[in-house]
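A.B. asks: What follows is the residue order along each chain.
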Amino acid sequence: MAQINDMMGSFELFQPTELDGAMDLLRRHGEEAWVLSGGMDTFDWLKDRAKRPTVVVDLGGIEELKGIQADNRTLRIGAMTTLTEVANHSEIRSRFPIVAQSAEKVATPQIRNQGTLGGNLCQDTRCWYYRAGWPCYRAGGNTCYANAPGALNREHSILEANRCVAVTPSDVAPTLIALDAEMEIRGRRGTRRVRAEDFFIGPAIDITRMTVLQPSELLTAIHIPDTWAGRPMYFEKVADRKAWDFALVNVASALEVSNGTIHDARIVVGGVAARPLRMRETERAISGHAPNDQTLEVAAQAAVQGARPLQFNEYKVALTKNLVKRAIREARS
Amino acid sequence: MVGLGWDIFWAVVFLGALFVVGHAILAARKKRATPPPAPADPDLAARVPEKVTRHNGSARISHWVLALATLALLITGFVPILGLQFPWVTIHWIAGIILTGYLLYHVVDTVRRGTLGTMWIGREEISKGIERLKGFFSKGQGAEEKPGKWGTENIAFHHVTALAGIAVIATGLLMMFRVDTWFWSANPYVLGISDNLWGWVYVLHGVAAVGFVGLLMAHIYFAVRPDNFWITRSMFKGWITRDEYLGHHDPELWPVDEGTGASPPASARRTAAADRAGD
Ligand SMILES: Cc1cc2nc3c(=O)[nH]c(=O)nc-3n(C[C@H](O)[C@H](O)[C@H](O)COP(=O)(O)OP(=O)(O)OC[C@H]3O[C@@H](n4cnc5c(N)ncnc54)[C@H](O)[C@@H]3O)c2cc1C
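Residue numbers (the numbering used here), protein chains in the order written: chain P, 1 to 333; chain Z, 1 to 279.
Okay, chain P solo, but in the shape it has when bound:
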């Protein structure tokens, strides 16, 4: 169990200044090593001693992981770029406003100043049973405490649960999937690119991980193609409070609309499953149709098909439906 004692256990801290150096360290220490970016998620784990790495590799000194570069085909955001920088960047605001909006909705200004985009995408789930150090499935155990009778599961999943009912916490992840971004990953065998949609994984694939990243792999950058720039898009986050709180449900969309008809759409919902879910049925249902009330109703229904709410999160079904409708109706260029 976690010990909330605000004192981290001891570990060896490495502060490489080059990516190759960091990769070397990760290779050498494998599963023992913990990657530290802004520390906003990391320090919770370490202080609560729910995770006890023996080695911490701080990416803070690696300049090549920082910054935003744009050309007319893609936008490359280094994994160590802070959320504040992402939210304020003029190219991002003009070409991909939903990325800036979603980054701006994260937590508080202080956390956004310190937290990085890479860390936001790689952060672990906020399920309190898991984070409190209960030996649940995600922690390598054999039960889910959040799905027990009377468990506090108001924030948990309604879709795609597979033994574990935790949800993805990131606000930025759905927007990157909606814009068909790619994750640049550095590993033992060099660099590979993974579509944002495939970067996040559910418990059916690996119950102990939220992403495809293996130990000793690093997310180095995020590439957003120009495909959806200038098209109607939308982001909305619903949380209990305007600041601090994680999304109960968030939604991101990017549409291709001409002559009043939707020709293509990408709609992604966060907070309803362990990974941000692309609503493919919804996308299919609205393609070739005008965004009228009837289309929206069909779209909303398709989004929650197969939903299995837990004891305290039935409200997420209605919330998801309404957010999906809004993501279609209110998308703006």
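In case anyone wonders, no lab produced these hints; they're calculated from the structure. Virtual Cβ for every residue (Gly too), placed ideally from N, Cα, C. Any given hint could be a false lead.
[Said to hold, decoys possible] So the derived list for chain P, only partly shown, Cβ under 8 Å to chain Z, looks like this:
#1 34
#2 143
#3 162
#4 204
Fit chain Z with the ligand to the known structure of chain P by using the hints.
C.D. replies: Below, chain Z with the ligand without anything else, positioned relative to chain P:
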């Protein structure tokens, strides 16, 4: 307690590899010391058809179904732990159901054919097994007694596999209640099993599963050994040749029908054995 530490998987793989290498070395040494078998008694040979049925159609089909289910279970069970990610849970429980179906079929079929007794290990089988083992380890040629259809080592392998199979199926069926299937929604509280007991269920499932890894390594090793090719072939084609039959088996213990080459029904075999005992 929540489950088995997966390092044990590597320990079993290591031990399995050690067994395979050790056996291969000993078997090569033994082969050099063993002269070719003496030709069979021509009278006896005349009574045996050219092809002797070792595994009939249903036995072969069920063996390969079992093989596929086991492979699917081991791949879906262990490959994700080794780092290759794919949605494994559904394939795993479906393969588990197939394995359970196989077990039920096998038990019913064995009872129906009355061949349960062929898997008995009594005092005689134990002493024969020891003799064969001694023969294998001895430097010289060793007086090796031929077994009936199954040697003691085959029967022992069967029993260990059966034990691991029953453990993995019983625990697996319980664990299946904790995932969504086509038949029910996940219910982590099925039968009111305590957390501690669940721990044991997971550990037993893990132990049986890594046990299967070792058993499968040994099984595949014996199947691909050139000197066992005749047995492996019979699992595809069903038959062994007259020479293979007479060279490796004791026709008294495993009599075959003169016309068809098939084993006579168990009841007939029992009568024949009783007749011989009375001779
Ligand atoms: C009070 C509070 C409120 C919050 N509210 C929100 C919210 O509303 N919406 C939201 O989206 N987020 C929210 N967050 C989460 C916050 O955005 C993340 O904790 C933060 O972005 C993580 O970034 P970081 O740079 O601090 O990463 P760290 O905490 O250092 O790392 C997070 C995880 O990612 C791994 N990691 C980091 N970088 C990499 C990399 N480059 N490659 C591989 N692995 C890496 C680390 O090992 C660690 O497991 C909140 C956090 C707090 C503390």
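A.B. asks: Now tell me, hint by hint, if it's right for this structure.
C.D. replies: Going down the list of hints, with the structure as the test:
no. : hint : result
1   : 34   : violated (18 Å)
2   : 143  : holds (6 Å)
3   : 162  : holds (6 Å)
4   : 204  : holds (4 Å)
In this structure, only the earlier hint numbered 1 is contradicted, and the remaining ones agree with it.
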